[in-house]
Each structure stands twice: as structure tokens, then as C-alpha cells.
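Build out the structure end to end from the sequences listed, making use of the hints.
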Amino acid sequence: MWRTFFEELGAKVVISSPSTKGILNKGLKHAVDEVCLPIKMAFGHIIDLAGRVDYIFLPRMVSVARREYICPKFLGLPDMIRRLDGLPPLIDVNIDLYRNKKDIFGPVKEAGRLFTESSVKIFLAFRRSLKVQKEYLRLLQLGLMPAEALAILEDRVKEPPPPCRDDLTVALIGHPYNLYDSYVSMNMIERLRSMGAKVVTAELLPEKTVREKASCLPKKLFWTLGQKMIGAAFHYLEEAGVSGMIHVAAFGCGPDSMTGELIERRARGLGMPFLNITLDEHTGEAGVVTRLEAFLDMVRWKKAETAGI
Amino acid sequence: MRVTFPHMGNLHISLKAMFHYLGVEVVLPPPSSKRTLTIGVKYGPEFACMPLKLNLGNFIEACEMGADTIVMAGGCGPCRFGYYAQIEHAILKGLGYDMQLIVLEPPERHISELLVKIRRITGNRSWWRVIQAIRFGFQKARAVDEIEMAAFKIRPRELRAGSADEAYNRALELIDRASSMDELLANRKKAMEIMNGVAVDQNRRVLRVGIIGEIYTLLEPFANHALERQLGRLGAEVDRSIYLSEWVNDHLFLGLVKGLRSRKAACGAAFPYLRHFVGGHGQETVGSAVNYARAGYDGLVQVFPFTCMPEIVAESILPGVSGDFNIPVLTLIMDEHTGEAGLVTRLEAFVDLLERKKEFKEAFVQ
Numbered sequence: 000m001w002r003t004f005f006e007e008l009g010a011k012v013v014i015s016s017p018s019t020k021g022i023l024n025k026g027l028k029h030a031v032d033e034v035c036l037p038i039k040m041a042f043g044h045i046i047d048l049a050g051r052v053d054y055i056f057l058p059r060m061v062s063v064a065r066r067e068y069i070c071p072k073f074l075g076l077p078d079m080i081r082r083l084d085g086l087p088p089l090i091d092v093n094i095d096l097y098r099n100k101k102d103i104f105g106p107v108k109e110a111g112r113l114f115t116e117s118s119v120k121i122f123l124a125f126r127r128s129l130k131v132q133k134e135y136l137r138l139l140q141l142g143l144m145p146a147e148a149l150a151i152l153e154d155r156v157k158e159p160p161p162p163c164r165d166d167l168t169v170a171l172i173g174h175p176y177n178l179y180d181s182y183v184s185m186n187m188i189e190r191l192r193s194m195g196a197k198v199v200t201a202e203l204l205p206e207k208t209v210r211e212k213a214s215c216l217p218k219k220l221f222w223t224l225g226q227k228m229i230g231a232a233f234h235y236l237e238e239a240g241v242s243g244m245i246h247v248a249a250f251g252c253g254p255d256s257m258t259g260e261l262i263e264r265r266a267r268g269l270g271m272p273f274l275n276i277t278l279d280e281h282t283g284e285a286g287v288v289t290r291l292e293a294f295l296d297m298v299r300w301k302k303a304e305t306a307g308i
Numbered sequence: 000m001r002v003t004f005p006h007m008g009n010l011h012i013s014l015k016a017m018f019h020y021l022g023v024e025v026v027l028p029p030p031s032s033k034r035t036l037t038i039g040v041k042y043g044p045e046f047a048c049m050p051l052k053l054n055l056g057n058f059i060e061a062c063e064m065g066a067d068t069i070v071m072a073g074g075c076g077p078c079r080f081g082y083y084a085q086i087e088h089a090i091l092k093g094l095g096y097d098m099q100l101i102v103l104e105p106p107e108r109h110i111s112e113l114l115v116k117i118r119r120i121t122g123n124r125s126w127w128r129v130i131q132a133i134r135f136g137f138q139k140a141r142a143v144d145e146i147e148m149a150a151f152k153i154r155p156r157e158l159r160a161g162s163a164d165e166a167y168n169r170a171l172e173l174i175d176r177a178s179s180m181d182e183l184l185a186n187r188k189k190a191m192e193i194m195n196g197v198a199v200d201q202n203r204r205v206l207r208v209g210i211i212g213e214i215y216t217l218l219e220p221f222a223n224h225a226l227e228r229q230l231g232r233l234g235a236e237v238d239r240s241i242y243l244s245e246w247v248n249d250h251l252f253l254g255l256v257k258g259l260r261s262r263k264a265a266c267g268a269a270f271p272y273l274r275h276f277v278g279g280h281g282q283e284t285v286g287s288a289v290n291y292a293r294a295g296y297d298g299l300v301q302v303f304p305f306t307c308m309p310e311i312v313a314e315s316i317l318p319g320v321s322g323d324f325n326i327p328v329l330t331l332i333m334d335e336h337t338g339e340a341g342l343v344t345r346l347e348a349f350v351d352l353l354e355r356k357k358e359f360k361e362a363f364v365q
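Taken in sequence, the protein lines are chains A and B. Position 211 of the first sequence, counted from 1, bears residue number 210 in numbering that gives the first Met the number 0, the numbering being contiguous throughout. Position 10 of the second sequence, counted from 1, bears residue number 9 in numbering that gives the first Met the number 0, the numbering being contiguous throughout.
Don't take every hint at face value.
What the hints assert, rightly or not - To be clear about the criterion: a stretch of chain B counts as covered by chain A if any three or more of its residues have a C-beta under 8 angstroms from a C-beta of chain A, and this derived list gives those stretches: (1) 37-49; (2) 88-102; (3) 278-286; (4) 308-314; (5) 318-332.
As the list claims (entries may be wrong) - The calculated lysine-lysine pairs, modelled on DSBU-like cross-linking and capped at a C-alpha distance of 30 angstroms, are: (6) B:K263 - A:K108; (7) A:K28 - B:K356; (8) A:K108 - A:K11; (9) B:K152 - B:K188; (10) A:K101 - A:K212; (11) A:K101 - A:K197; (12) A:K207 - A:K130; (13) B:K188 - B:K15; (14) A:K100 - A:K207; (15) A:K130 - A:K212; (16) A:K120 - A:K108; (17) A:K219 - B:K116; (18) B:K116 - A:K212; (19) A:K212 - B:K92; (20) A:K120 - A:K133; (21) A:K100 - A:K197; (22) A:K218 - B:K188; (23) A:K100 - A:K212; (24) A:K100 - B:K263; (25) A:K218 - B:K15; (26) A:K133 - A:K101; (27) A:K301 - B:K188; (28) B:K263 - A:K219; (29) B:K116 - A:K218; (30) B:K41 - A:K218; (31) A:K219 - B:K41; (32) B:K41 - A:K301; (33) A:K108 - A:K133; (34) B:K356 - A:K219; (35) A:K28 - A:K11; (36) B:K41 - B:K15; (37) B:K257 - B:K15; (38) A:K218 - B:K92; (39) A:K302 - A:K197; (40) A:K133 - A:K28.
Calculated directly from the structure, the hints in this document are not laboratory data. Just so it is clear, CB atoms sit at the ideal spot from N, CA and C, and this is done for glycine as well.
Written out as C-alpha cells, the structure is:
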């Protein structure tokens with residue numbers, strides 16, 4: 000969406016390379032020890048861009064829904080980054096829909112001003128980018144993973160991949176920036192698929208379902224992503240076809256420590272097999288694979304048992 | 000109804016006073032201890048921050064003593080604290096403790112929202128009485144803060160080791176005992192006399208250290224291993240970026256009482272280091288750091304619980320403040336594994352460093 004927006008305004012867009020160990024190492028070197036893995040990764044990506052671009056677009060994601068926030072580290076990210084030396088100027092507009100959903104155009108205009116004087120041009124570019132975003136969301140709800148949907152949007156693939164053979168469905172719950180970054184998640188989605196499991200995530204559900212499910216909590220969660228995870232988890236826990244749930248958290252993630260607890264309690268209460276995987280820069284790939292294999296074995300046994308074989 | 004609430008430093012003195020004033024029965028959990036923490040760690044989520052674990056321990060200990068209602072503060076994010084009460088309630092329920100939960104959320108639009116919640120605790124007592132009770136509790140908080148500030152000044156200068164702490168405990172005891180407004184005023188005076196009566200060496204050279212960070216670990220001596228006392232003993236006069244009464248005024252009264260240091264000033268000073276609030280006290284931490292540096296403090300100690308999100312943001316930014324103002328910052332992260340001996344060693348080293356730096360600076364000026 001942002002790519003379309005800036006390209007419509009005549010800028011050349013460079014996106015940081017896919018995550019690698021090298022990028023993470025750059026991030027580790029410059030971030031404080033205590034931040035979570037995704038932030039270290041973000042540091043790495045930003046440093047990766049330095050020297051290649053004139054501006055870095057790093058909006059301050061305050062809030063993307065009324066009365067909700069993302070997370071404190073997102074709020075502070077531009078300020079944490081600004082401390083680093085040798086970076087091009089940041090475009091750090093505040094995206095803050097805490098009070099009103101319609102506040103989005105303000106920051107968009109602010110960012111667009113750098114490229115053109117004309118408000119109309121910015122507005123048209125923004126409308127065009129929203130259209131792309133809508134199409135992307137539609138593809139997600141067809142059951143595609145974000146990377147696949149993006150590939151289709153950018154005309155890199157003509158047809159969706161052939162369906163894998165699977166005998167069970169596993170719900171994968173976690174922050175999108177952990178799940179869909181194949182380096183961070185150690186390619187978890189592909190791995191599960193190759194082990195014969197169909198993977199469903201929060202992004203496949205319409206927003207309404209998620210919000211409805213999340214609203215059964217005693218108090219509304221004020222993290223948008225946390226709410227999405229909770230809502231999706233509660234939905235999949237009650238869905239008949241889903242036979243196991245994997246919760247992926249980043250080490251030291253604040254919201255995850257709370258939502259994870261709520262989801263685990265509910266899963267335990269309903270007797271759903273539940274695996275919690277915590278990721279950080281020390282997580283070993285072999286260990287994760289072993290745990291996934293063991294988990295799927297367990298889910299299969301349980302399934303066979305209930306089927307009475 | 001037997002009401003309980005979590006510990007946070009000397010918070011219990013004013014809360015207890017408020018409830019007693021209203022004739023509500025209070026079950027005060029035992030002061031936070033190793034046992035409290037062990038209980039909390041056992042039942043709380045592994046990666047939750049330490050305050051949650053201590054709260055949980057407090058509640059379970061209070062429940063063992065017969066409490067049936069929890070009164071707790073809330074929040075609306077993005078710091079985790081806003082969801083504490085709900086998680087703790089779910090955990091307690093899972094453990095079979097059936098307790099009623101009343102969460103005092105910061106009023107979003109009007110102070111009346113808070114008053115309605117208080118009503119649920121107080122039942123049929125008149126509004127006037129309720130407001131009087133809140134005033135009484137707040138006055139106690141003010142008195143306690145005054146005593147703490149006096150203790151910060153006296154501790155590094157005391158002639159006989161330990162005399163400041165003795166006076167401090169006696170003064171707090173006096174405030175705690177007061178059961179009416181008149182008695183409180185009289186006792187407050189007496190308490191200050193006790194504090195001023197401690198023999199001190201006015202000419203002793205002391206370092207000035209600002210303590211900044213997350214409110215719970217700032218206020219709760221068990222959580223920060225009595226950081227202020229340790230620093231005082233090492234010859235540093237401390238000041239804390241947050242006092243209980245200021246916090247209550249800012250967050251529950253929406254700044255109704257004038258003349259107190261407010262968070263607005265601290266947040267303003269945070270520009271351009273941190274240009275947006277980040278939940279919790281992240282921006283206040285950065286802003287206070289700037290303020291302390293401008294006021295000529297010798298060093299800063301930042302303290303927060305492990306995985307505290309807003310303070311991690313502040314921690315990432317503090318090196319900028321430290322470099323610009325040439326003021327050393329020591330970051331201490333607390334969790335259930337923090338050992339006191341290691342902490343003391345680090346503090347000693349830090350104070351040594353500050354002393355060396357000060358001597359050097361003074362020599363340079365001469």
C-alpha cells in the first residue's frame with residue numbers, strides 16, 4: 000500500500016532486503032539488549048537501508064484503531080532509531096487513530112508534502128494505495144499467506160500455489176511480523192505445511208469475526224494486534240476443523256505475556272493441544288523443528304484416539 | 000466486605016486511612032517478601048513483569064488472611080498494567096480463590112467515573128464523607144512523601160549510621176496512626192520534628208543522584224532492594240522522579256491539586272529525545288533525566304522491571320541524554336533473579352565513578 004502511495008507520487012521505493020542473519024546482527028549491534036527480537040530486526044533493516052536511500056519512511060504507529068494502541072516499542076521506535084549515526088532523514092509521521100478513525104489523511108498528507116505541493120495529487124495517490132490494500136486483504140481472506148498475496152499483487156506469480164496434502168489443521172497465533180518473516184519464524188509456516196498440516200492464521204479471518212470473539216473478554220484489550228490474536232485464537236479454539244494451536248511469541252514481548260496467558264488458559268479449558276514457542280536471537284532451528292514434530296505427532300495421536308481407532 | 004489491595008511502597012498508609020475513614024474493613028497483605036514473590040512467580044505468566052507477580056502474591060497472601068474484595072488501579076494502555084487486574088483475577092479464579100474485583104480506571108472523560116467505582120466500595124455513605132476520605136488519604140500520601148524527601152536529604156549526612164532510617168520508620172508510624180484530619184496535622188508536624196532532629200553533618204560533601212524509571216520499582220523498596228537506602232548509605236542524596244502524591248494528583252485527580260510537580264513538565268523536557276508518549280512512564284523517565292541533568296545532578300539511576308516496554312524505549316534513548324549533558328546513567332533491571340549483593344556492588348562502583356568525576360571536575364574548575 001505505501002509502496003503504491005510513494006510510487007504514485009513519483010518517488011523510487013526501496014524496500015529493505017528480506018531478513019537474514021547479517022541484518023539481524025547489524026540490529027543486535029545497535030539496539031539495547033532488552034528490546035524484543037522484532038525490534039532488533041527492525042533496527043537491522045533500517046541500518047540495511049542506510050546509504051541506499053534519501054529518506055526512510057518510518058511512521059510512528061501510535062494507534063490504528065479507536066481506543067487502541069500497537070505497543071510501546073512501536074511508539075518509541077523512531078526516537079530509538081534517531082539516536083543512531085549515519086542515517087538519512089526519517090519520515091516519521093504519527094499515525095494515530097486513537098481518537099478518530101478519520102485522522103489517517105493528516106499524516107499521509109504530511110508525508111506526501113515532501114514529494115509534491117498538490118494536495119489533490121496526494122489524495123489521489125492515497126486513494127489508489129487504499130485500493131491496493133483492499134485487494135491485498137481480499138486475497139488474504141481467500142486463504143493465502145501474506146507473502147503469496149503480495150506476489151500475486153506484484154504480478155510475480157500468475158496462479159496460486161497448488162494445495163498441499165494435509166490431514167490436519169493447525170492454528171498459528173502470533174504477531175504478523177514474527178509469523179510471516181520466514182527468517183524470524185524459521186520458516187514455520189512452510190515447515191508445518193511440509194509436515195502435512197494446513198496452517199490457519201489470524202489474518203485469514205475477517206476483522207468482524209475477530210473483534211466479536213475478542214469482545215468476550217472482561218475488559219477490552221488495548222493492543223490492536225493482541226486483540227487480533229486473542230479473537231482469532233478464540234475463534235479457532237471453537238472451530239471444529241482445527242486440531243491444534245501454536246502460539247508464537249517474541250522473548251520479552253509485553254502484550255504476548257498477557258494474551259498468551261489468556262489464550263493458554265482458554266485452550267487448556269477446552270482441551271485443545273497447545274504449543275508455545277518463544278523466539279529470540281538465540282533460538283535454535285533444530286530445537287524448534289523437534290518441538291513442531293513432537294507437537295504434530297501428539298495432535299495426530301489425539302485425533303486418532305478421539306476417532307476411536 | 001473485607002477489602003485488600005496490592006502493596007506499592009507506602010501506598011498502603013494512605014489507602015488504609017481512606018478505607019478506615021469510610022468504615023470499610025481492610026485486610027492489609029503482609030509487606031512484600033520473598034514468599035510473596037515466590038507465590039507470584041509460581042502462578043503468574045512467566046514473561047509478565049515483576050509487579051504483576053508481586054501483586055498476585057499480595058492478593059493470595061491477603062486472601063489467606065480472609066480478604067474477599069480486591070481494589071486495584073487500572074489503565075488504558077499501552078503499558079501492560081492496564082490489563083493486570085483482569086489477568087490476576089483470571090489466575091486467582093483458576094486457583095480457586097473467589098474474590099470480587101473492583102478496578103479503579105483513570106477517568107476518561109470525567110472524574111465522576113472514578114467516583115461511581117468508589118461508590119461500589121463505600122455503599123451508602125454520603126458523597127461528602129467519600130470526598131473527605133479521599134482528601135484524608137491524599138493528605139497522608141503528601142505527608143509520607145514529605146518524610147521520604149526529608150529522609151533522602153538526611154541519609155547521606157547522618158552522623159550515626161542507621162539513625163535516619165530509625166527516624167524515618169518512627170515518622171511513618173506516626174502518620175499511619177493518625178485517624179482524623181486534626182490528628183494527622185499534629186502528627187505530621189511531630190514527624191517532621193523527628194526527621195529534623197536527626198544529628199547530621201551539614202558540611203559533608205554528598206553526591207546528588209536522580210532516580211528515574213518505572214513507578215512500581217521506584218516506589219516499592221522490596222522490588223528495588225531499597226535502592227534509595229543503599230545510595231544514601233554510600234553518601235548520595237537522592238531524588239525520585241515520581242512520588243505517590245504527584246502520581247495520584249496527575250492520574251486520578253487529573254491535576255486538580257495545584258502546586259505539585261506534574262508529569263507535563265517532565266514530558267515537555269523529553270523533547271526532542273522522545274517526541275511521543277510511550278505508555279507507562281517512559282516519556283517521564285527521559286524528561287526527568289533531562290531535568291535532573293539541567294539541575295546539575297551528578298548521576299542518574301534508571302530502574303525498571305525486566306521486559307517493561309516503556310522503560311526499554313527510554314533505556315534506548317537515555318544514552319543520547321547522557322552524552323549531551325555529560326551525566327552518567329546506570330540502568331538497573333529488576334526481576335525475581337536479581338541478587339542484592341550484585342546490585343550493591345554495581346551501586347558502589349557507580350558512586351565511586353561519580354565521585355571521581357566530581358573531583359576531577361572541581362579540580363578542573365579551580
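The hints, checked one at a time:
no., hint, verdict
1, 37-49, "holds (count 5)"
2, 88-102, "holds (count 5)"
3, 278-286, "holds (count 3)"
4, 308-314, "holds (count 6)"
5, 318-332, "holds (count 3)"
6, B:K263 - A:K108, "holds, 29 angstroms"
7, A:K28 - B:K356, "holds, 28 angstroms"
8, A:K108 - A:K11, "holds, 18 angstroms"
9, B:K152 - B:K188, "holds, 18 angstroms"
10, A:K101 - A:K212, "holds, 25 angstroms"
11, A:K101 - A:K197, "violated, 37 angstroms"
12, A:K207 - A:K130, "holds, 20 angstroms"
13, B:K188 - B:K15, "holds, 21 angstroms"
14, A:K100 - A:K207, "holds, 16 angstroms"
15, A:K130 - A:K212, "holds, 27 angstroms"
16, A:K120 - A:K108, "holds, 10 angstroms"
17, A:K219 - B:K116, "holds, 18 angstroms"
18, B:K116 - A:K212, "holds, 27 angstroms"
19, A:K212 - B:K92, "holds, 21 angstroms"
20, A:K120 - A:K133, "holds, 20 angstroms"
21, A:K100 - A:K197, "violated, 35 angstroms"
22, A:K218 - B:K188, "violated, 44 angstroms"
23, A:K100 - A:K212, "holds, 21 angstroms"
24, A:K100 - B:K263, "holds, 26 angstroms"
25, A:K218 - B:K15, "holds, 27 angstroms"
26, A:K133 - A:K101, "holds, 17 angstroms"
27, A:K301 - B:K188, "violated, 71 angstroms"
28, B:K263 - A:K219, "holds, 27 angstroms"
29, B:K116 - A:K218, "holds, 15 angstroms"
30, B:K41 - A:K218, "holds, 25 angstroms"
31, A:K219 - B:K41, "holds, 26 angstroms"
32, B:K41 - A:K301, "holds, 29 angstroms"
33, A:K108 - A:K133, "holds, 20 angstroms"
34, B:K356 - A:K219, "violated, 50 angstroms"
35, A:K28 - A:K11, "holds, 29 angstroms"
36, B:K41 - B:K15, "holds, 28 angstroms"
37, B:K257 - B:K15, "holds, 24 angstroms"
38, A:K218 - B:K92, "holds, 16 angstroms"
39, A:K302 - A:K197, "holds, 15 angstroms"
40, A:K133 - A:K28, "violated, 37 angstroms"
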